[in-house]
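Colleague: In the order they appear, the protein sequences are chains F, H, G and Z. Residue numbers 0 to 388, in numbering that gives the first Met the number 0, belong to the letters of the first sequence in order. Residue numbers 0 to 388, in numbering that gives the first Met the number 0, belong to the letters of the second sequence in order. Residue numbers 0 to 388, in numbering that gives the first Met the number 0, belong to the letters of the third sequence in order. Residue numbers 0 to 388, in numbering that gives the first Met the number 0, belong to the letters of the fourth sequence in order.
Treat the hints as calculated values from the structure; they're not laboratory data. Glycine included, C-beta positions come from ideal geometry on N, C-alpha and C. It is possible that some hints are incorrect.
[Claimed, not checked] Result set (BS3-like, lysine-lysine): computed pairs, CA atoms no more than 27 Å apart in a straight line:
{"id": "1", "chain 1": "Z", "residue 1": "K319", "chain 2": "G", "residue 2": "K319"}
{"id": "2", "chain 1": "H", "residue 1": "K319", "chain 2": "G", "residue 2": "K29"}
{"id": "3", "chain 1": "G", "residue 1": "K317", "chain 2": "F", "residue 2": "K259"}
{"id": "4", "chain 1": "Z", "residue 1": "K319", "chain 2": "G", "residue 2": "K259"}
{"id": "5", "chain 1": "F", "residue 1": "K317", "chain 2": "G", "residue 2": "K381"}
{"id": "6", "chain 1": "Z", "residue 1": "K280", "chain 2": "G", "residue 2": "K378"}
{"id": "7", "chain 1": "G", "residue 1": "K259", "chain 2": "F", "residue 2": "K319"}
{"id": "8", "chain 1": "F", "residue 1": "K29", "chain 2": "H", "residue 2": "K319"}
{"id": "9", "chain 1": "G", "residue 1": "K319", "chain 2": "Z", "residue 2": "K29"}
{"id": "10", "chain 1": "F", "residue 1": "K86", "chain 2": "H", "residue 2": "K317"}
{"id": "11", "chain 1": "H", "residue 1": "K173", "chain 2": "F", "residue 2": "K259"}
{"id": "12", "chain 1": "G", "residue 1": "K317", "chain 2": "Z", "residue 2": "K86"}
{"id": "13", "chain 1": "H", "residue 1": "K96", "chain 2": "F", "residue 2": "K29"}
{"id": "14", "chain 1": "F", "residue 1": "K319", "chain 2": "G", "residue 2": "K319"}
{"id": "15", "chain 1": "F", "residue 1": "K319", "chain 2": "H", "residue 2": "K90"}
{"id": "16", "chain 1": "G", "residue 1": "K280", "chain 2": "Z", "residue 2": "K24"}
{"id": "17", "chain 1": "G", "residue 1": "K317", "chain 2": "Z", "residue 2": "K24"}
{"id": "18", "chain 1": "F", "residue 1": "K280", "chain 2": "H", "residue 2": "K378"}
{"id": "19", "chain 1": "Z", "residue 1": "K280", "chain 2": "G", "residue 2": "K29"}
{"id": "20", "chain 1": "Z", "residue 1": "K381", "chain 2": "G", "residue 2": "K381"}
[Stated by the list, open to error] From the derived model, a few chain H residues whose C-beta atoms are all more than 10 Å from chain Z:
{"id": "21", "residue": "E108"}
{"id": "22", "residue": "K162"}
{"id": "23", "residue": "L256"}
{"id": "24", "residue": "F307"}
There are 4 protein chains.
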Amino acid sequence: MKLWIIGAYGIVSTTAMVGGKNLEKGNIGKTGLVSELPWFEGIEKFAPLRFEFGGHDIRPLKNAYEAAIEHWNLNRHYDINLLENVKEELKRINAKKGTALNCGSGIEELGEIETLDNLTLSEIVERIEKDIKEFADEETVVINVASTEPLPAKSDYHESLDKFEEMIENDEKKYATASMLYAYASLKLGIPYANFTPSVGSSIPALKELAEERKVPHAGNDGKTGETLVKTTLAPMFLYRNLKVLGWMSYNILGDLDGKVLSHRDNKESKVVSKDRVLEKVLGYSPYSITEIQFFPSLVDNKTAFDFIHFEGFLGTKMKFYFIWDGIDAIVAAPLLIDIARFLLFAKKKGISGVVKEMGFFFKSPMDTNVVNTHEQFKILKRWFEELI
Amino acid sequence: MKLWIIGAYGIVSTTAMVGGKNLEKGNIGKTGLVSELPWFEGIEKFAPLRFEFGGHDIRPLKNAYEAAIEHWNLNRHYDINLLENVKEELKRINAKKGTALNCGSGIEELGEIETLDNLTLSEIVERIEKDIKEFADEETVVINVASTEPLPAKSDYHESLDKFEEMIENDEKKYATASMLYAYASLKLGIPYANFTPSVGSSIPALKELAEERKVPHAGNDGKTGETLVKTTLAPMFLYRNLKVLGWMSYNILGDLDGKVLSHRDNKESKVVSKDRVLEKVLGYSPYSITEIQFFPSLVDNKTAFDFIHFEGFLGTKMKFYFIWDGIDAIVAAPLLIDIARFLLFAKKKGISGVVKEMGFFFKSPMDTNVVNTHEQFKILKRWFEELI
Amino acid sequence: MKLWIIGAYGIVSTTAMVGGKNLEKGNIGKTGLVSELPWFEGIEKFAPLRFEFGGHDIRPLKNAYEAAIEHWNLNRHYDINLLENVKEELKRINAKKGTALNCGSGIEELGEIETLDNLTLSEIVERIEKDIKEFADEETVVINVASTEPLPAKSDYHESLDKFEEMIENDEKKYATASMLYAYASLKLGIPYANFTPSVGSSIPALKELAEERKVPHAGNDGKTGETLVKTTLAPMFLYRNLKVLGWMSYNILGDLDGKVLSHRDNKESKVVSKDRVLEKVLGYSPYSITEIQFFPSLVDNKTAFDFIHFEGFLGTKMKFYFIWDGIDAIVAAPLLIDIARFLLFAKKKGISGVVKEMGFFFKSPMDTNVVNTHEQFKILKRWFEELI
Amino acid sequence: MKLWIIGAYGIVSTTAMVGGKNLEKGNIGKTGLVSELPWFEGIEKFAPLRFEFGGHDIRPLKNAYEAAIEHWNLNRHYDINLLENVKEELKRINAKKGTALNCGSGIEELGEIETLDNLTLSEIVERIEKDIKEFADEETVVINVASTEPLPAKSDYHESLDKFEEMIENDEKKYATASMLYAYASLKLGIPYANFTPSVGSSIPALKELAEERKVPHAGNDGKTGETLVKTTLAPMFLYRNLKVLGWMSYNILGDLDGKVLSHRDNKESKVVSKDRVLEKVLGYSPYSITEIQFFPSLVDNKTAFDFIHFEGFLGTKMKFYFIWDGIDAIVAAPLLIDIARFLLFAKKKGISGVVKEMGFFFKSPMDTNVVNTHEQFKILKRWFEELI
């Protein structure tokens, strides 16, 4: 199958490429790949573990190998031999120049960038479409892992496909963001699109309409890795036992470009102390909660989360629970790119179109569903697959 | 409803009594009570939150108030006013002298004890039956929270009801343990029995046969509180994401009589480093694991668990997860006594008999099922209730 | 001895009062009291463990008992009998109405307040002096534990005693803060003054001059409790072993009035990510550091700190250290009030005047010294005492 | 300088070799080296950072490079380039066949071994002496990092030098252990000896006598790395603040040969729950304590320690402190080998003989001193050096 990755030179992308090509060669096991669990047997007929990679990026690097080695030198997050094994393949992956429209001030942190953003909206879309078209075939999926954008300016242009296309025609750049344009181009070409970031992507009514019209499946938003994965697995325990969560502190630190972009970004959800929607969806009420993310340079991609749960039990007695997640973000995220692409391709071949809400298992803010409990999500994914296969 | 508690003067029992009587008076909320979750609406018609308590114990205290105040002074585990509120009611609860047959050397730690154990097996059983009969009515459940016994000597006497009664007749004390005798007496009287401890209780074929014969429901073993509750909630996450658990360390410390009994007991599962069966049941394989429990006097009943999970992700990269559970064991356990009693009474009134394996949610080693995943257990309990109500 | 406490109705003050009066009656041990360590034998001749308490506050409560019971109900931070033991004594402690001049918006959180702040500066100072004078004798110490003020507006008025008194005369309220006025009044009356908060207190040149002139000892600032205490004890280990600290995260959560005031206060050192001066003073360089404090209501005074230290060892290898401090702030702070008062009284009787920098052991930002290593501070305190006694 | 290392093929040794040779070449910084702190300026004249390595081992490997690469493959504990940089140098280091006399059953875990132990005691000593002599010059130090031995059989043979030599002569193998023989050979040759393990080494009266007679300095026992380092740094805080330690739990896990040897070793201090002498020495009393070490294979040399401190403060209130040490044992230990060798060589050149108790800073059980507080030890080391230099 073919993966077109937005943000192709990022750490998640290059880690997925290294993994994908090593899987192909049988150099590594299948740890981390959800789609290789016994319950998903049969998926290989629809989406075999053979990969071709392409994508867009805004950093003018030579090729994916140059990007991969840069990330590896900072993180040493896997055995270097695995990179050397696929050096030639990665050298042949050259990302096309992309758009960073309304991606906020955070992208300054990426260093030198080159974008299409001096063009008009319709020129940008045309270029993106052309790039993807040249690469794509029937077995292609587009997936967005570019840095998180600020929330887009609200506009009626997002509310219907006609309006959206009017926005492009009128070159109303203020209301468009990069992730929308990529999603638009993919769906228009009939290619499944997944949004692994919290950016808006295909989640606006206009693009949902497009997906339905073109009969393409799409999914998102925001890959569920690390702290939220644990939180949505653990919080149900308090619910089932009728233990009242008095407060939940989630404090995340990470280095890396991602950490930098987040720490600068204009619209970082600065609600340092805020009602946490994930907890509300699991628990049915909204406990006091803190959700924070800070830059900690020496950790690079070794995202570390500190959680503290204060809860009340029988007779009003308070008790405590602490956890520390010491993970490597790209290592947790990369296999999910492959999983998501496989399930989307499977969906497409099975004639599914529109939002695949049964793929909520992979996302922090799954589209069109309130189910965030990891266990229920997994059951839903399994059942969906069983029924289709 | 009426609860006859084996080990009536223990901290879990007296905490349940304080809670039960305060619930009755509307002094406290329903936090900690599973049976009060919205999914179990309707249970109050079968098992209202009104309680009468009785039980057996081997410590010659005056009454349950004396026991409760002793535990409170060491633990201060709830607002003292809640105890004072129900002082008179607890003073009226006088445990009958019980048996500690083959309960191991650990019970030395309980201080002065008085037992029936100089009598013959049939005399002991007769006495126990008489005590329970005097107390019981149609709304009664027996629940065992006495200190953990050593594993019983293996014997054919446990294999059928006839054999079991032959053992009693022949006064073959070597093969009987206290928990068996209590279970035998309860079931014979047609009273539902639950085993909240890891002791053998009603889990031998002989007593399962008796339960079927008398058409009585029973459940066990070993209340799932603390570290195992978290473990069976969290471990599925690693499974769903195909993350390989390389090792799982579980280190528990507690003070209190329980801690003392455990630290001395003849048959403490000393498999300090051992394959952990709970993990195997969830994960489908048996990772390296350490499960240990140690005495730490100053914590009293404030059981603290330290867990470390070493796991492997994509590309073979190792990552880490730590958690600390800082709970009060009796506070977590006490409401479950009430829950279990209510569900068993509900089951009886609905004509259910034998092992209620759908109540596995409450137990570390649920009888007759391999489902230990907390989420699946909860779903099973919910569905079972929905279908019966 | 006599203690006049600024913020007499706060949790630290009332906990110190409960402790002081119970110590007097021999009801409790001396745990937590530095001055009762064997190295300080002899101090009791200068400052015996017999106490009279008074103070200023801005909350119009009836007496210290009313304040104490309010704090106790929220925190249950000690055995209630200890409060009941000294109920009558605490009922006789009535704080005088104080000033909250330039104390920031945070004090809104205190609820209803009554202050002297409609008076002129000279009237305020006169009132404060009168209140203290009526209470004080030769054995009196004033100590400030009122909520943290914002940084004062910079002004030449702080630079000399003459200027400071000119400010009072001219009623230049903009440049004065409550803590300065209290410190001024105390020192002018020849009474030793300690500043247990980060407020400016006696640390401006004008007041240091006054202390020298009146030959009064004084000390501050900011009681070293909790996370900073651990940090200044542990950081030297990294220095001694030449392990390079790459980053140090300190994340603190607490509830209580203090937490509220801090979370609102105008001038909260919002340097969420900043060079940490304590670390620089210990290590000789300034590692990346995060020092943050957040409100977490259910914890009340149970201040919890999460620290993560990323450090580099031999061959450039990175390693990790985590700690969690789960303390009760008032319990750690209260005995230090008594200690500080005793050492200041001892100093006064030994003819010491000006800043007692040897008392740096008790403070986060000790005046006139750069020694923040807990171990060195303790040695200095011991040596100072040994030489004087 | 020259280092003769007992256990030359172990992970600590080879890491020290890789570090030493890279230091020589200026490839790495001096992080982790105590002797390179500013307070020890001048040491380079006595013990420059130029190294020649040799040693004994019982594993029949080809050379130190083969050993180093084996350890690196399991641990990846430093940048592989650092090993490649010094490949040729390490290939030239060939350990001589050593003794494992009375080293317990644990060494079975080392796989194939070859020892001198079929020889008589005097033949073994002769061989060891010959090996060392061929390597040594005036600038040589011997240091023992071989796996921990069981406690030796008690005997009068250890009480004086005459007796010890009588033991050798009589070939009383039962009473000799490998570490004694190495220490004997070194000291007899006038070469400073350090014991980085808890094995008996030079700590018996006989060998102390020999050191005095030959005017050689020696030091030990047991390198202070990891959990004990933190404990002896942190425990003083509780002392200084008069906070009563109610209990201290120390739970250590590690993989690697060391972990295996420890888990099997005959004489593992199985005092799982025991009075901890280090705490007693710091605190002046002996709190309840747990000190445990368990094998956890996937961690390899990534020794992880979990500590929990339960303490009592003012008014009898209990509080909690937790820490996790996530270190790489060899990375912490290796530079100390170099430090110890340098300080011993410095001592020798300054005419110091016998136990250098001022080097207690480096050891868990420093000989001839009760000072275990890390801060005091560092002060003592500094002062000793300042006075001699």
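Colleague: Sort out which numbered hints this structure fails and list those numbers smallest first.
Modeller: Checked against the structure, the hints that fail are numbers 2, 5, 11, 13, 15, 16 and 24, while the rest are satisfied.
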